[in-house]
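Chemist: Line by line, the protein sequences are chains A and B.
The numbering of the first sequence is numbering that gives the first Met the number 0, which starts it at 0 and goes up by one.
The numbering of the second sequence is numbering that gives the first Met the number 0, which starts it at 0 and goes up by one.
Hints were generated in silico from the structure; no laboratory data involved.
Treat the numbers as computed from the prediction; the structure is a model and nothing was measured.
Incorrect hints may appear among the rest.
Stated by the list, open to error - In silico SDA-like links for lysine to any residue, alpha-carbon gap of 20 angstroms or less:
no., chain 1, residue 1, chain 2, residue 2
1, B, Lys303, A, Glu318
2, B, Lys348, A, Thr304
3, B, Lys262, A, Asn327
4, A, Lys348, B, Leu319
5, B, Lys322, A, Asn327
6, A, Lys348, A, Met372
7, B, Lys322, A, Thr304
8, A, Lys343, B, Gly271
Unchecked claim - Derived coverage of chain B by chain A (criterion: at least 3 residues anywhere in the stretch with Cβ under 8 angstroms from a Cβ of chain A; other residues may be distant):
no., region
9, 320-334
10, 374-384
Backbone N, C-alpha and C define an ideal beta-carbon position, used for all residues, glycine too.
Here's the letter readout for the chains.
2 protein chains.
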Amino acid sequence: MSDFKGYTGKSLEFLKKNNINVGDFVKISSDITYSGIIMPRYEHSDDKHLALKLKSGYNIGLELEKIEKIEKIQSKEKKSEAKENFEKDPSLPKILLLSTGGTIASKVDYRTGAVTPVLTAEELNSSVPELAEIANVDAEVLFSEYSENITPDHWLKIAEKLDKHSKSDYSGIIIAHGTDTMHYTSSFLSFALSGYPIPIALVGSQRSSDRASSDAALNLIGAVRFLLECNTNGVFVVMHQDENDEAIACHFGTRVRKNHTSKRGAFQTVGGDPAFIVVNDTVYRNNTKEFFKEKTYQPKINLKTNVALVKYHPGYDPELFEKILDMNYQVIIFEGTGLGHVGKTMYDKIQKAHEMGIFLGMTSQCIDGRVRMTVYESGRDLMNLGIIPLEDMIPEVALVKAMWAAGNYDNKEIKKVMLQEIASELSN
Amino acid sequence: MSDFKGYTGKSLEFLKKNNINVGDFVKISSDITYSGIIMPRYEHSDDKHLALKLKSGYNIGLELEKIEKIEKIQSKEKKSEAKENFEKDPSLPKILLLSTGGTIASKVDYRTGAVTPVLTAEELNSSVPELAEIANVDAEVLFSEYSENITPDHWLKIAEKLDKHSKSDYSGIIIAHGTDTMHYTSSFLSFALSGYPIPIALVGSQRSSDRASSDAALNLIGAVRFLLECNTNGVFVVMHQDENDEAIACHFGTRVRKNHTSKRGAFQTVGGDPAFIVVNDTVYRNNTKEFFKEKTYQPKINLKTNVALVKYHPGYDPELFEKILDMNYQVIIFEGTGLGHVGKTMYDKIQKAHEMGIFLGMTSQCIDGRVRMTVYESGRDLMNLGIIPLEDMIPEVALVKAMWAAGNYDNKEIKKVMLQEIASELSN
Numbered sequence: 000m001s002d003f004k005g006y007t008g009k010s011l012e013f014l015k016k017n018n019i020n021v022g023d024f025v026k027i028s029s030d031i032t033y034s035g036i037i038m039p040r041y042e043h044s045d046d047k048h049l050a051l052k053l054k055s056g057y058n059i060g061l062e063l064e065k066i067e068k069i070e071k072i073q074s075k076e077k078k079s080e081a082k083e084n085f086e087k088d089p090s091l092p093k094i095l096l097l098s099t100g101g102t103i104a105s106k107v108d109y110r111t112g113a114v115t116p117v118l119t120a121e122e123l124n125s126s127v128p129e130l131a132e133i134a135n136v137d138a139e140v141l142f143s144e145y146s147e148n149i150t151p152d153h154w155l156k157i158a159e160k161l162d163k164h165s166k167s168d169y170s171g172i173i174i175a176h177g178t179d180t181m182h183y184t185s186s187f188l189s190f191a192l193s194g195y196p197i198p199i200a201l202v203g204s205q206r207s208s209d210r211a212s213s214d215a216a217l218n219l220i221g222a223v224r225f226l227l228e229c230n231t232n233g234v235f236v237v238m239h240q241d242e243n244d245e246a247i248a249c250h251f252g253t254r255v256r257k258n259h260t261s262k263r264g265a266f267q268t269v270g271g272d273p274a275f276i277v278v279n280d281t282v283y284r285n286n287t288k289e290f291f292k293e294k295t296y297q298p299k300i301n302l303k304t305n306v307a308l309v310k311y312h313p314g315y316d317p318e319l320f321e322k323i324l325d326m327n328y329q330v331i332i333f334e335g336t337g338l339g340h341v342g343k344t345m346y347d348k349i350q351k352a353h354e355m356g357i358f359l360g361m362t363s364q365c366i367d368g369r370v371r372m373t374v375y376e377s378g379r380d381l382m383n384l385g386i387i388p389l390e391d392m393i394p395e396v397a398l399v400k401a402m403w404a405a406g407n408y409d410n411k412e413i414k415k416v417m418l419q420e421i422a423s424e425l426s427n
Numbered sequence: 000m001s002d003f004k005g006y007t008g009k010s011l012e013f014l015k016k017n018n019i020n021v022g023d024f025v026k027i028s029s030d031i032t033y034s035g036i037i038m039p040r041y042e043h044s045d046d047k048h049l050a051l052k053l054k055s056g057y058n059i060g061l062e063l064e065k066i067e068k069i070e071k072i073q074s075k076e077k078k079s080e081a082k083e084n085f086e087k088d089p090s091l092p093k094i095l096l097l098s099t100g101g102t103i104a105s106k107v108d109y110r111t112g113a114v115t116p117v118l119t120a121e122e123l124n125s126s127v128p129e130l131a132e133i134a135n136v137d138a139e140v141l142f143s144e145y146s147e148n149i150t151p152d153h154w155l156k157i158a159e160k161l162d163k164h165s166k167s168d169y170s171g172i173i174i175a176h177g178t179d180t181m182h183y184t185s186s187f188l189s190f191a192l193s194g195y196p197i198p199i200a201l202v203g204s205q206r207s208s209d210r211a212s213s214d215a216a217l218n219l220i221g222a223v224r225f226l227l228e229c230n231t232n233g234v235f236v237v238m239h240q241d242e243n244d245e246a247i248a249c250h251f252g253t254r255v256r257k258n259h260t261s262k263r264g265a266f267q268t269v270g271g272d273p274a275f276i277v278v279n280d281t282v283y284r285n286n287t288k289e290f291f292k293e294k295t296y297q298p299k300i301n302l303k304t305n306v307a308l309v310k311y312h313p314g315y316d317p318e319l320f321e322k323i324l325d326m327n328y329q330v331i332i333f334e335g336t337g338l339g340h341v342g343k344t345m346y347d348k349i350q351k352a353h354e355m356g357i358f359l360g361m362t363s364q365c366i367d368g369r370v371r372m373t374v375y376e377s378g379r380d381l382m383n384l385g386i387i388p389l390e391d392m393i394p395e396v397a398l399v400k401a402m403w404a405a406g407n408y409d410n411k412e413i414k415k416v417m418l419q420e421i422a423s424e425l426s427n
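One chain only, chain A, in its complex shape:
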């Protein structure tokens, strides 16, 4: 059966002339020689390129005019049969894939060049046929949101869903998630699902799944390999290590940050190496630390959002801080300067906040490194005013932890909980 899905005009003609179908494994001589599977194209694609998925999982676009020769090595039918047999192998481990939206579950609208979320979890799964060779993947759409629109309510939904699967026979769970706020979500799951027995990997992509340069497939394949071979539990963010396609980094979900707007290796473990790296199908462990402090599963799936993040800067208006105090927040997390400072102009208001019973935690806008408030007069002054240094907790993680702590503990317990390591949010 012929399949030229998405190909039109010249590219359709080219495929027909060479008796090549979408899904065929081919060898193409162009500037260099490429081998891979012809991929479908989407509505409104141009007719000047073929999309080819290389063995590495990387998709490329090949310009028709530069193709000197194309040879079919194996037809789609044969590969499908092989896969069918493979998929039924009951000895393969089970993976659950929950989709929440984001670029990894979206495709480019070629009319506008814009990206819209349309792929279902099943489509996502089936778009990466390599997955079926290493695991039986059950896919489910939880919701479909770009991650800038993910709210703490979404965090709760994901956590509740995971809680229901805590005693399942899945070897690992993948959460497909937009990258913008993935590290906020991973932080919440880390605290809410302390001790969760099955390893969890949040996976995203910086380019949508149907684009030639998408990192989605490699990130998903890397995540499955990681989940199957890590021999531990925890909440991880699994993404490209850098711009090349050789290494997939698996970061502790509470020590990671999106540190670049667009490049593939946007996620970095702050102040250290990723906990695990997947290179050429092999999973390497960099870090012997266990992710969760407690071994038993103790879910605490509540939160309160009456928490503010205050990034101090020269010229910060104490009157603005007064406005925040009007909001009756329970916790204020400061992103101070350097080792954990804010200017003297803020002292009066901070004292007032402390007297109001608000928990005041200090992190650093340097992002990397530890706050140390005993070194300078300013730090000691601020501690005297009631600010609690939060070690080397990343500001965004401290914010999420505070929301979680406020939802699960009494006000008087918050200080203890904020300083107590739960899910590798502090590095030693």
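Chain B: place on chain A using the hints.
Modeler: Relative to chain A, chain B alone:
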């Protein structure tokens, strides 16, 4: 004349026995062999160590008990005579050193282990005798503040002082400054003193000048070499490149950030290499870009602080944004997620802010990379609501530029000025 300044007990006895004075150049056999100058110690230092300044400019502490042998290579008197002659050399270029405070101008209180700002600019200058061999340094204290207490008023004072020296015969100007907010100050000076003809280096240290491990001397020496040999103008932050003492990095003052709370190489050029590096007395230029867009000096030394920085995060309360609107700010700079997004829950308030005539600029909390608001629906929605993407301007720099723009331009000119490159705040 004997000089054992700061040495007491065993260490004093050791120096006397070996006929060694503070300032002598010595060779010490310990675990390895060290050569350098015996440095004074401060009140309440212990009596178990000698402080030695190595040729690299690095100070170390040597444990008395481990010293096998000490030899005097050159006495202080001889060195001083040589230096006296050198200092009078009228052919040496002139450098102005303005001190504003910070760790570089502070010392450790050994009673408490805390750091207090006590060194004057003259003391700072004379504590680094190497400077006199390459330049005639005029030193002046502008004020003495830790940089967390530096306010926009201090920025104005520094800029006004520099403005007075714009036609002077100084080959370069050093601003000794605390590191916490050094990149905010360098940004303001970059915009306010567009085209300033003399190169300016902001220099700080991560360890106070009297500590054995201080980076102050090397940073100062590196800055003087840079100023004398850079053959350009601009505002630079000059600090250790990394943990070793071989390279001093000279960053564009609008592309730099303190990215670590404590380590020597805390400052990094965002998304690229430092513009210049000083290695072993040689100044290397990495970047052919001229710092200022305009060649002529056009000072604009005003600012307004009615500008807010809003770091968006999941759970950000739109009501808090409403409170910010109550403050009647002229500009709001967003630190959005990823390519420049905030959640849909904020749309109504953003529209309101736009209708109020507030300039709304978008940067990314990723810090590195460019905002691109045309890729996703969210970005396009936000642009339709009136938010202006600020390319790859660092959030803190955008904030300072906005304060400066608000102080020097009409409201209707702010958009144009914010998008117009002035001092390398945008990378190409």
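Chemist: Going back to the hint list, which numbers does this structure go against?
Modeler: Violated hints (numbers, rising): 3 and 8; every other hint is consistent with the structure.
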